[in-house]
Each structure stands twice: as C-alpha cells, then as structure tokens.
Amino acid sequence: MNEGKMVTIYVMGKKQIVPADLTIMKAIEYAGYQFKRGAGCRGGFCGACASVYRKRGSYKLQGALACQKIVEDGMIITQIPFSPNEKKTYNINELKADASTFLEYYPEITRCLACNTCTKSCPQDIMVMDYVQAAIRGDIALTAKLSFDCIGCGLCAMRCPAEIVPFNIGQLARRLESKYVEGPTEHVLKRCEEVKEGKFDSEISELMIMDKKILTNKYNNRELRIK
Amino acid sequence: MKLAYYPGCTLKTTGKSFETSALESAKVLGLELVEPSRWNCCGTVHSLVKDDVMHHLAPIRNLLRIEQMQASGRIDEKRVVTLCAMCYNTLKRSNNVFNNNSDLARKVGENFENETSNYSGGVTVEHLLETIRSLGWSLVKDKVKKPLAGLKVAPYYGCLLLRPRGIGIDDADNPHVMEDLLTALGADVVNFPFKLKCCGSYHTVEMKEVVADLSHRILKQAEEAGAEIVATACPLCEFNLGDRQILVQKKYATFKSIPVVYFTQLTALAFGLEQATSFDENKPDPKPLLKDKGLIKGDLK
Amino acid sequence: MSYSNEGLILRFSAENMAFRERVKELSGEKIELCFQCGACSSGCPMTEEMDYLPSKVIRMAQIGIKEALNTKTIWVCTTCFNCEVRCPRGIDIANVMEALRQLVLRTKHDNFNLDELSPEELKTLPQVAILSNQRKLSA
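Residue numbers (the numbering used here), protein chains in the order written: chain A, -2 to 224; chain B, 2 to 302; chain C, 184 to 322.
For the record, the hints were derived by calculation from the structure and aren't laboratory data. Each hint should be verified, as a subset may be incorrect.
Stated by the list, open to error - DSBU-like, lysine-lysine: derived pairs with alpha carbons at most 30 Å apart:
(1) Lys306/C / Lys209/B
(2) Lys147/B / Lys292/B
(3) Lys176/A / Lys13/B
Said to hold, decoys possible - A few chain C residues that don't get close to chain B, going by computed Cβ distances all over 10 Å:
(4) Cys220
(5) Glu231
(6) Phe264
(7) Phe295
Said to hold, decoys possible - A short, non-exhaustive set of chain A residues, derived as facing chain C with CB atoms under 8 Å:
(8) Ala94
(9) Asp95
(10) Ala96
(11) Ser97
(12) Leu100
(13) Glu101
(14) Arg108
(15) Ile133
(16) Asn165
Where is the CB? At the ideal position from N, CA and C, for every residue including glycine.
The task is simple: from the sequences and hints, build the whole structure.
Structure, rendered in structure tokens:
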C-alpha cells in the first residue's frame, strides 16, 4: 500500500509534496489550489482537465487527464483548460458523407504530416493520426470508429504542427456516420411513430397527476430489463 | 503477381476513376494490386531542403507499411505501385533520401517509436506505367479486346513523372512509355512538344487564371497536332487540363474543348472493361467522342 | 554591399556571404557553378508571372543579395524541375527556389492562407491541389 508515501510534483513550476496515490487533480487540490477552470466531471469523460507534463530527467512531453492520471515522482505539470478551436457551423442535413465535406469545412486537414504527434499526446490512447488520415481518404466509418473514445480534451490540437484540430474532424465524422452511414435506428423510429400516434399519452397523463407515494413506489419497483 | 498499391488521398476522392480503371486493367495483366490496410497521405510535393525530417515522415511511413505487408505475406515482393504521378515522385524521392542519409534515417526511426518495426529502406517504388512496361507491350496487345482504332490520343506526361533526372520513369527529354502503351492499345498516338510542360500544378488553388493560361497553351498545341483526346497520369493534371477548361473557355473564346482522361481509363476501354472506365466522372465529357468512334455503346451507367 | 560610381563594383560583406552559404546549405546545391546561361529560364513555364527570371534569382543567391527573398519568382515556381533537367552545370534550381521559400516561411510567414478559399472552391478542388499548395506556400 502507498499509505504515507509522498511524491514531489511541480505545479506550474512550484514544488509540492503530495500523497503518491492521488490523481493529478486531487494532488493539485491537496496542495491548496482551487480549480476554477480545467475541472469538470472528474470522471474521465468531459475533457476539461487536459494536462501536460514532463518528468524530471526525461525530455518526453506527455498528455493526461488530471482526474484520471495518478501522480508520479518528478512530474512537472500544467493544465490546458481550453484549446483554441473553431467548430465550423454546418447543417447536418445538407452534408455529404465523403472526404469533400472535410475539405470544405476543415481544409487544413490536408496539411497533416503523418507525424503522429497527436496520437502521442492523446490521454485516451486513440489512434488520432489514423482517424485524421481516414477522414482525408473519405472513410467516414473508420474515422468514426477510431475517434469514438474522443472526449475533446484538446491536447492533440495544441501539439499538432499542421494546426489541425483533430477532435473537430472526429466529431463531424461521427455525426456523418450516424446520420448517413449507419442511418436512423429502426427501434428509435418506431418508438417516435408510437409517440406521435399517442400510444403513451394516457400513461403519461396518469403519471403526471399521480400521488407522490404511489409514484415513488412505482419507480422503485419498475421493470429494469425489457424481455 | 501480388504487388502493393499505394492510392494516395485524391484517388479515393476526386480521382476515383483513375483507381477503378487501373485496378481492373491491372488484373487483366495478371497484377493483383493490394492496398495497405493502414496508410497515410504522402504529403506531396517532396520536401527539397536538406535539413527537413518532418516532411519525410509521411512518405516513409507508407513505405514501412509496404514492408509490413510483405512481412505478413500479403504481397510477394517489396514493391509498391503508384498511379498518381505526384505520389510516385514523393515516395520515390523520400525513399532515396532515407537510403542516402543515415542521419535522416535515424531521426525518422526515432519518430516511428509507435510503430512495431523500423523501415529498412528496402522498398522499390514504381509507377504503373513502369510495371506494365516491364511486363512487355506484347502482353498488353494480347489482352486488347477493343483496339482504340481511329482514336487520336495525345499523351500528356506533366512534370513529376519524368523529372528530376534519375527519378523519372523515362527519358526526361524524349519519353515514349505512354506512347508505347497507347500504340499497343491500338490508338493513333499524337506527339506534341508540350506533353512535358507543367500544367501549373498547385497554383490552381491561388492563381487559377495562370493555370488556365498554361492549360490553354498545352491543349491548343495538342489540338493543333491533331489530338482528339488527352491521356494523363496525374489527378492534378487531369483537373488542371480537364475541369479547368471552364476557365479556359471563359478567357479564350476560340478555344475548343477537348476531353482529358486517365491512361488507365483508355486501357480499361481497350481491354473490354467498359464498366470500369468511369467516363462519367471526367470533365469535359469524353463519352460523345468515344461514342462517335464506336468505342462505347451508350451511357455506361 | 557597396556600389561605386565608376560602374558597378560589388563588395561582398560578411552578411552577403552568410546568406549565400545558408542558401547553399539548405538547398544542397553548388550555386557557384552557375554561369548565367539562362537555360533554366528558357524552359520555365511560369516566367510570365515572375518579376525576376530564375537565372537572375540564382545570381542574387550567388552574390548573397537578400532581395532574392522578396521576389515574386520564388512563390510562382511550380517545382516542375524543368530547370533541373536543362541546367548544363547540374544545378537543381528548384531546390534553390525551395531553400529561398523556406527562409521566408520559417519566419512565421505563410504565402497562402487556406482561410482565403471560398466554400465553392473548397468543394471543387482536388485534395492534392490543396495539400501540395500548402506544402510549398505555407509554414
């Protein structure tokens, strides 16, 4: 167990001694800082806590999520609470699911050098270069698949020498994939029809005027798995 | 024979007709062109400065993929065939730089830390025209089902297929590989001096009027030499000489439009593979001319 | 560099030498071999758009005149290598053009910014056009 074990980290250059089993985020708070920006869900899903660090004795620059990564001795850390980017405005109904869409909205994608710096920076172990290249080729399905775990933390965009914002590419690809490649899901469409036809109207009206105790009871005893 | 095939990004998008016609024609000649499962944009045009490492990563990463393909048995030899003349030039030159500069090779290796193997420098880069040439023109003649009789074709080489010296697939001043192919396909070859003149390349982005001028010069000379159609080996040339004819016609009222196609589309046509010719994608439309010559029946779709 | 009234006398300063050496280093070309025959200029497809002929720009590089970096010529070059094929002294002029471009691009200067392209142009241009344009004309 790491009980009592402490490590040394440097928060924006200032040395701090913190417990070894804390995440970067908790360690920074332990040291007395309060997060005004750069903290969100604290669960590895929102991408707000993008952090960049080096360890003493190593030239390697690494990316991490502060809420997930456990501190290591010698970490020299800073936060990147926001990565400057412009998400282009588009009407998903008017787009085509091919490479020309990326050229139209994000033409800088052609500047990709295949240097793999984005992949190296990604705290989610995503093959970022591969999904950017897939978008260049017009392989929407592959771009969507490879970028699935992206939470938009922005570390790739900060480091890209070609000034591409990969997570915007991934997001557009996933939207195109779901609308045009996968298409609408049958059961969702069916359910929407049922709602329009008023299949659930009476049930909902009942629930809305139901006594709170009976409602609570119903909720607690609801069917959890549809057979 | 299974060879690796490197498409390049444009052949998957605006240049799809080049790929479709090439892959089918190659099959007829006994070539199975296998695409790597992972590849990236080659980053054309080749970086010419001596201290650059970063711009060589993209092409060399592709060559590594070819080596990995051979190691896993997907292809027989470490040879990669390209269609786009610009990809050909970039891959070949970066390969040479890698093999002649151990310092660069080392730095590239360091940047490939996420890769499962290191590039050894052993891949041969070739253009499809070279590959066909090595199989022999008599083989091509044998496979012709519909000779392109009476079709006056002007071969247009452009720049990066032939230059600089040592990289080109043929003599830079007097090439004849495309003429040989077209002759084997039964066409009437129209030679014209501007077949080697640059189309303006990437200046089609920010100086498209100049590209219109260059295209006009090239196409006018081809027409005056008697050409009815132009064959090219590069998707940028095809765009500058073909699609940009709209600009040419705006500027030069007396200009007569002339269809521009890929040499592989004509090859597919001669091999009787009409469905692989994809003539619908060319601008201006070559189908009226080809129908006139009795080479295609009607609309292909 | 100083000029004299009795005709043009060029005196090389250390700055000129340094610039020439830098161009030689980046391009890897022996530009001192150029004897101004003009073969490169005769084969160049873009001379009408240039302010100085390619052979003149090589001359500038040869004697270390930094104004070579301010010419329109270096940006108008299409890297077609016609000059390389024709040069009787084996100089690759396209390499020299690239070195001159890089000396400008490496000072955070882009010659062409993608932001200037309209959506219509972006829809029609083939990818290879945009990417090769950016390779040669942007940092």
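We went through each hint and held it up to the structure:
1. Lys306/C / Lys209/B: holds (15 Å)
2. Lys147/B / Lys292/B: At roughly 13 Å apart (the allowed maximum being 30 Å), Lys292/B and Lys147/B satisfy the hint.
3. Lys176/A / Lys13/B: holds (21 Å)
4. Cys220: holds (17 Å)
5. Glu231: The claim is violated: Glu231/C sits with its nearest Cβ about 8 Å from chain B, within 10 Å.
6. Phe264: violated (4 Å)
7. Phe295: Not fine: 5 Å to the nearest Cβ puts Phe295/C too close to chain B.
8. Ala94: violated (15 Å)
9. Asp95: violated (11 Å)
10. Ala96: Holds, about 7 Å.
11. Ser97: Holds, because the Cβ-Cβ distance from Ser97/A to chain C comes to roughly 6 Å (cut-off 8 Å).
12. Leu100: holds (5 Å)
13. Glu101: holds (5 Å)
14. Arg108: Interface hint status for Arg108/A: holds (5 Å vs cutoff 8 Å).
15. Ile133: holds (7 Å)
16. Asn165: Check failed: Cβ of Asn165/A comes no nearer than 15 Å to chain C, outside 8 Å.
In summary, the numbered hints that this structure violates are 5, 6, 7, 8, 9, 16.
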